[in-house]
Every structure is written in structure tokens, then in C-alpha cells.
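Last residue of the sequence shown: 646 (our numbering), numbering continuous.
For the record, the hints were derived by calculation from the structure and aren't laboratory data.
By construction, the Cβ of each residue, glycine as well, lies at the ideal position given by its N, Cα and C atoms.
Heads up, some of the hints might be wrong.
The following label-pair restraints were derived from C-beta to C-beta distances [unchecked claim]:
1) Leu545 x Arg313: 19 to 29 Å
2) Thr578 x Thr378: 33 to 43 Å
3) Lys286 x Leu372: 45 to 55 Å
4) Asn202 x Glu544: 41 to 51 Å
5) Thr378 x Ala320: 58 to 68 Å
6) Leu372 x Ser611: 17 to 27 Å
Listed next, the in silico DSS-like pairs over lysine-lysine satisfying Cα-Cα at most 30 Å (straight line) [stated by the list, open to error]:
7) Lys560 x Lys367
8) Lys367 x Lys396
9) Lys572 x Lys360
10) Lys40 x Lys64
11) Lys40 x Lys360
12) Lys434 x Lys396
13) Lys367 x Lys316
14) Lys64 x Lys367
15) Lys398 x Lys360
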Amino acid sequence: MTRHIVSIYTFLICVCALLSAAAISCDNSKRMETLARVQKTFDKNPELALEMLDLIDPAHLKGKEETAKYGLLKFASLLKAGADVESDSLLLPAIDYYGSSSSPSHEKMLTHFFYAYHLQQKEEKLQAIHEYDKAINAAQSIGNQLYSALSYSNKGVIYADEYLQEEELACMKQAFSDFIIVNDSSHIPGAYQSLGQAYFHNGMFRESADNHAIAAKLALQASDSVAYADILLNLAATEVCHGNTDKALPLYKEVSESFPEMFKSEDYGFISEAFLNTGDYENAEKSLQLMGNVLADLIDSIHWYTMRWHLYRNKKDYEAGALMFDSVCATSNQALLNTLKFNLLHEETNYMSQELHTVKKIAAQRKTIIYLVLISLTLLILLIIILYSSAQAKNKHKIAAQKEELNSISSNLKKAIQSMKEKEEMLTSLQTSKEVLLNQLSRLNAELDFLKCSLSNKDNLLAMRTELHDRDKMQWENKLKCLNREKEDFIVKLEHAESNIDKLSKSLLISFRDYYKMASDILGTNQYTYKKGLKELFIVQRSELIKEYSSPKTIAKLDKDVNALMEDVIAKIQSEFTLDARDFKILVYSLSGFNYKAIATLMDMNPQTVSSIKSRLIKRILSNESIHTALFRRYLSAGTHTPPQK
Numbered sequence: 001m002t003r004h005i006v007s008i009y010t011f012l013i014c015v016c017a018l019l020s021a022a023a024i025s026c027d028n029s030k031r032m033e034t035l036a037r038v039q040k041t042f043d044k045n046p047e048l049a050l051e052m053l054d055l056i057d058p059a060h061l062k063g064k065e066e067t068a069k070y071g072l073l074k075f076a077s078l079l080k081a082g083a084d085v086e087s088d089s090l091l092l093p094a095i096d097y098y099g100s101s102s103s104p105s106h107e108k109m110l111t112h113f114f115y116a117y118h119l120q121q122k123e124e125k126l127q128a129i130h131e132y133d134k135a136i137n138a139a140q141s142i143g144n145q146l147y148s149a150l151s152y153s154n155k156g157v158i159y160a161d162e163y164l165q166e167e168e169l170a171c172m173k174q175a176f177s178d179f180i181i182v183n184d185s186s187h188i189p190g191a192y193q194s195l196g197q198a199y200f201h202n203g204m205f206r207e208s209a210d211n212h213a214i215a216a217k218l219a220l221q222a223s224d225s226v227a228y229a230d231i232l233l234n235l236a237a238t239e240v241c242h243g244n245t246d247k248a249l250p251l252y253k254e255v256s257e258s259f260p261e262m263f264k265s266e267d268y269g270f271i272s273e274a275f276l277n278t279g280d281y282e283n284a285e286k287s288l289q290l291m292g293n294v295l296a297d298l299i300d301s302i303h304w305y306t307m308r309w310h311l312y313r314n315k316k317d318y319e320a321g322a323l324m325f326d327s328v329c330a331t332s333n334q335a336l337l338n339t340l341k342f343n344l345l346h347e348e349t350n351y352m353s354q355e356l357h358t359v360k361k362i363a364a365q366r367k368t369i370i371y372l373v374l375i376s377l378t379l380l381i382l383l384i385i386i387l388y389s390s391a392q393a394k395n396k397h398k399i400a401a402q403k404e405e406l407n408s409i410s411s412n413l414k415k416a417i418q419s420m421k422e423k424e425e426m427l428t429s430l431q432t433s434k435e436v437l438l439n440q441l442s443r444l445n446a447e448l449d450f451l452k453c454s455l456s457n458k459d460n461l462l463a464m465r466t467e468l469h470d471r472d473k474m475q476w477e478n479k480l481k482c483l484n485r486e487k488e489d490f491i492v493k494l495e496h497a498e499s500n501i502d503k504l505s506k507s508l509l510i511s512f513r514d515y516y517k518m519a520s521d522i523l524g525t526n527q528y529t530y531k532k533g534l535k536e537l538f539i540v541q542r543s544e545l546i547k548e549y550s551s552p553k554t555i556a557k558l559d560k561d562v563n564a565l566m567e568d569v570i571a572k573i574q575s576e577f578t579l580d581a582r583d584f585k586i587l588v589y590s591l592s593g594f595n596y597k598a599i600a601t602l603m604d605m606n607p608q609t610v611s612s613i614k615s616r617l618i619k620r621i622l623s624n625e626s627i628h629t630a631l632f633r634r635y636l637s638a639g640t641h642t643p644p645q646k
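Required output: the full structure, derived from the provided sequences and hints.
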């Protein structure tokens with residue numbers, strides 16, 4: 001009987017144990033299922049996530065993973081719901097469990113992100129940045145672009161609070177890229193706005209205005225009027241800083257008509273600055289009064305005092321400006337006084353830097369003009385050389401053509417000479433024939449005279465021998481007529497030959513005269529006239545430039561300008577070092593922006609010698625111990641003036 005009772009008790013205990021194990025297993029499964037639903041819900045509905053987490057009793061949590069996951073989701077939901085979480089005790093199990101894990105996971109990413117967010121709220125910024133970097137690495141490892149973007153964005157906010165503008169801009173650019181990949185319409189307007197603010201803090205006002213304009217358009221499409229008004233205020237501030245007052249004032253008017261409660265102290269400050277830029281001092285004064293009523297912190301106070309100082313300065317009310325500084329001194333707020341002095345000094349430094357930039361710009365323009373003049377002269381010389389070469393080539397072609405023409409004329413002359421020789425030979429032959437004919441004519445005339453004489457003396461004989469003499473007479477008369485006819489033909493031929501000889505002589509004279517005239521024109525041309533004139537003009541212009549920039553009057557003016565812009569650096573160097581006239585000129589030219597080649601031209605020296613003297617002079621000044629060594633190093637280390645770092 002006792003054995004049966006023991007068996008029954010043993011069976012009942014086993015059944016109870018099995019039922020307890022089943023209940024515990026079911027409870028564990030239910031808790032894990034609830035935690036999984038919370039993990040999907042807390043991002044978009046943290047209040048519902050908190051209600052589901054309240055159904056879980058923390059005392060029943062089993063194992064490190066459950067405890068870590070519950071604490072992580074509870075901590076994240078509280079932060080998402082806007083609760084003020086003072087302690088990180090809920091997140092510590094997750095930090096121990098997930099933070100020590102080497103493998104990336106969604107929970108590891110959330111742990112680092114929300115821990116960093118908590119540290120950021122507690123102003124532990126350096127550690128927060130470190131945790132955000134871990135969250136980014138985990139997010140990129142699992143391909144979660146949303147939390148990568150959120151981590152970069154929150155890092156950018158920390159850098160903005162610490163006035164690290166370049167780091168802020170880099171983070172906001174990366175966050176913007178990740179938000180675009182995620183393509184979540186709820187984050188895109190804020191991404192454009194955050195990137196616009198980063199551009200604004202870096203002084204890139206045009207890019208800032210473009211991003212704010214896109215953000216305003218998206219917010220208007222989403223009917224988010226509050227975000228739209230906030231973006232318009234940021235856009236207006238950007239336009240004010242960019243100098244576009246005509247664009248900023250309508251934006252402020254649009255916000256003031258719909259959301260006047262949105263204006264903060266800094267907005268009134270920018271409105272005042274916009275009115276100052278337009279010369280509307282009355283509305284600027286009103287905006288400053290509104291700004292003074294809502295000052296929130298030391299930054300706003302500094303902004304208010306700075307804008308009021310600008311108002312007094314523009315109105316030339318220096319007495320009111322002095323009274324304002326007296327009131328600041330009377331507050332005994334040393335931080336405000338020091339910061340205000342620093343800001344105003346910084347503004348004056350910026351003003352002087354702008355003036356210096358203008359002077360350097362003018363000097364650069366002057367240098368550019370000199371370079372352009374030199375380049376123009378070089379191009380002019382090259383053009384003249386090209387034109388001269390072209391003229392030479394044309395002259396060569398012309399001379400070659402003329403040479404060919406002369407060769408042709410020479411050939412024609414040779415032919416004409418040969419023809420003349422042939423005609424002379426013909427003329428000689430004709431003259432010989434003429435002499436022969438003249439001799440024959442003389443002989444015939446003699447015979448004729450003899451016959452006439454014979455006829456006159458022998459009239460009787462002729463009468464007697466009429467028939468015989470008539471026949472002989474007829475023969476002799478016929479012969480005489482033939483001789484007269486031959487004489488007349490010879491005379492005509494002789495006259496024609498003499499005419500041909502005269503024409504040929506005149507033609508030869510004309511040809512020789514044209515030849516000598518053409519040769520005289522060619523040989524009389526001076527081929528070096530243009531080259532010599534251009535060379536003389538270049539030498540005169542170069543001499544005038546050297547005379548102008550190396551005159552004592554110009555050097556004295558450069559000395560005065562450099563001392564005025566560079567804290568009397570030349571005067572201080574002269575007071576501590578003995579400089580001869582050559583070293584003094586090289587120092588003045590170097591600080592005025594001339595390179596060693598230009599200095600060598602102005603001083604008629606070898607460029608290598610000038611470079612060596614300049615290096616030795618700077619090394620001598622910088623190696624000497626002096627109260628002005630930092631000043632000398634600032635302006636002499638690179639050979640030219642560079643403004644001090646802000």
C-alpha cells in the first residue's frame with residue numbers, strides 16, 4: 001500500500017513538472033513573440049510598443065538575450081516616445097550582450113545608436129560620436145541605410161554644436177545620400193533641410209538656399225505647414241547672409257502672416273539685418289526690440305548686441321554705441337563682454353581681410369595686366385615674325401617669278417642678239433652688194449657719158465650710119481633703162497634695210513632699258529626695314545616699363561602700401577637689420593608680389609642671383625631671435641602675404 005502511494009506521488013510530481021515546463025516554454029515563446037512584434041512596431045508607433053512591453057514582467061525574463069532585447073526595446077521606445085530617460089540602466093544588458101558581440105546584427109546596430117543618442121542628450125558628445133561610428137559600421141554591415149543615415153545626421157548635429165562646420169557638412173552629405181537610397185518621404189524634407197543648414201554653417205549660401213527651397217517645396221506638398229514655416233525661416237536667413245534681401249523679406253512676411261509664433265530670437269536678428277541692408281533703420285530697430293524681448297541664451301545676446309552695434313554704426317550714432325558697451329560692462333558678464341569683443345574684432349578683421357583681398361585683387365589684376373601686355377607683345381612679335389616670314393616667302397616667290405621672267409627676257413635677248421647678228425650680217429652683205437652696184441652704176445654712168453660724148457662728136461657718123469646707129473642706139477637705150485631700173489630697185493632695198501636697222505636698234509635699246517630698270521627696282525628693296533623697326537619699338541616699350549616700376553618714387557609707394565597692409569613689417573625689419581639698397585629693393589618687390597624673374601628684370605640682375613639673395617635674406621630674418629619673429633614668419637615664410645588663420 002505504501003509503495004503504491006509513493007508511486008502515485010512520484011507520478012503526480014512528474015506530471016506537475018511536465019506541466020510547469022510546458023507552461024514556462026509557452027510563456028517564453030509568448031514573450032519572444034511579443035518582443036519580435038515590439039521590434040517591428042517601436043520605430044513608427046513607440047506608444048503601442050510601450051503598451052506591449054508593459055504586458056511582460058521583467059522578473060520572468062530568462063537568459064541574457066531576452067533581458068538584453070527587452071531592455072533595448074524598452075529604452076528605444078521610451079526615447080522614441082519623447083520620454084526623458086535619465087539613466088541607461090535598461091540599456092546596460094544590451095550593451096554587455098550585443099556590444100561585445102563581434103558579428104553584426106540589427107540589435108547591435110540599435111544598441112549603439114540609442115546609446116549614442118542617450119549620450120548626446122547628456123552632452124557627452126565625444127563618446128556619442130564614438131558610439132554613432134559603431135552604429136554606422138553595424139548598419140552598413142547589414143545594409144540598413146536608414147539607421148546609417150540617422151547616425152550620420154545626429155553626428156552632424158553634434159559637429160554643428162561644436163562649430164566643426166566641415167565635419168558637419170561631410171556627415172550631412174553622407175546622411176542625405178543614405179536617405180535618398182532609403183527613399184522614405186518622411187525623412188527626405190528633413191534631409192534637404194539638414195544639408196541646407198550644413199551648407200549655411202560653412203558659408204555656402206547658394207547651395208544652402210537651393211536645398212532649403214527643395215525642402216520647402218516637399219513640405220508644402222506633404223501639407224506639413226509647421227515644417228514648411230520652419231524651412232522658410234531657414235531659407236530667409238540664408239538669403240540674408242547671401243545678400244539677397246529682396247528675396248528674404250517676402251519669406252519673413254509670409255511666415256509672419258501664418259505662423260507668427262514660429263519666430264525665434266535669431267529670426268528677428270536676421271530680419272533686422274535684412275532691414276539694415278536696405279537702409280530701413282526704423283524697422284531694423286523694431287525687429288531688434290522684438291529680438292530683445294525673446295533672448296534665449298548667450299548666443300542670442302551676442303547676436304542682439306552685434307546687430308545693435310551695426311545699427312548704431314550705420315546711423316553714425318556713436319554715442320549710443322558707447323552707451324551700449326557701457327551697459328555690457330555694467331552687467332559684469334565677462335563671458336558676454338569677451339565674446340562680444342571677440343565677435344566685433346572678428347568682424348573688423350573680416351572687414352580688413354576684405355580690404356586686403358581687394359588690394360591683393362588689384363595687385364593680381366595689375367600683375368595680370370603686365371602678363372597680358374607681355375603676352376600681347378610676345379604674340380605681336382610672333383605675328384610680325386610670321387608676317388615677315390610670309391612676306392619673305394612671297395618675296396622669294398616674287399623673286400623666283402622675276403628671275404624666271406628675267407631668264408625668259410635674257411633668252412629673248414639672246415635670240416634678239418642672234419637675230420641682230422644675222423641682220424648685221426645681212427646688212428653687211430647688202431652694203432657689199434650696194435657697193436658692187438654703185439661701182440657697176442659708176443661704170444655704167446662712165447660708159448653712158450662716154451657714149452653720149454661719142455654720140456655728140458660723131459653726129460655726122462651717126463647720120464651716115466643711121467640705120468646701124470639707130471639699132472645700136474636702141475640697144476644702148478634699152479640697156480640704160482635696165483640699169484636705171486636696177487639702180488632704183490637697189491635704192492629702195494637700201495632704204496628698207498636702213499629702216500629695219502633703225503627699228504631693231506630702237507627695240508634693243510628699249511629692251512635693255514626695261515631690263516636695267518627692273519633689276520634696279522629689285523636690288524633697291526631693303527628686306528630688313530620691318531624687323532629693325534619692330535625691334536626698336538619693343539626695346540623702347542620694355543625700357544619704359546622698367547623705368548616706371550624701378551623708379552625711387554614707385555619703390556617708396558610700394559614700401560608705404562606694404563607697411564600699411566602688413567603691420568609695418570618692412571619698417572620693423574629695417575629697425576632690427578641693416579639692409580643695403582639692393583636687399584631693401586628685393587624685399588619690397590617680393591612683398592609686393594613680384595617673382596624673382598621680374599625683380600631681376602627691374603634691377604638688371606641675373607634671376608638666379610636674385611633668387612639666392614632673396615632666400616638668404618629671408619633665412620637671415622627668420623633665424624634671428626626677435627619679438628617680431630612670428631610676424632616676420634607670417635609674411636616671409638612663403639614670400640608673399642597670407643592673412644592670419646581665423
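Here's how the hints hold up against the structure:
1. Leu545 x Arg313: 19 to 29 Å: violated, 43 Å
2. Thr578 x Thr378: 33 to 43 Å: holds, 40 Å
3. Lys286 x Leu372: 45 to 55 Å: About 52 Å separates the Cβ atoms of Lys286 and Leu372, which means 45 to 55 Å holds.
4. Asn202 x Glu544: 41 to 51 Å: holds, 48 Å
5. Thr378 x Ala320: 58 to 68 Å: holds, 60 Å
6. Leu372 x Ser611: 17 to 27 Å: Holds: the Cβ-Cβ distance is about 25 Å, inside 17 to 27 Å.
7. Lys560 x Lys367: Distance of about 19 Å is within 30 Å: holds.
8. Lys367 x Lys396: Violated, at about 42 Å.
9. Lys572 x Lys360: holds, 22 Å
10. Lys40 x Lys64: holds, 21 Å
11. Lys40 x Lys360: violated, 61 Å
12. Lys434 x Lys396: At roughly 54 Å apart (the allowed maximum being 30 Å), Lys396 and Lys434 break the hint.
13. Lys367 x Lys316: violated, 38 Å
14. Lys64 x Lys367: Distance ~74 Å between Lys64 and Lys367 Cα, so the pair is violated.
15. Lys398 x Lys360: Cα-Cα ~55 Å, so violated.
In this structure, the hints that do not hold are numbers 1, 8, 11, 12, 13, 14, 15, in rising order.
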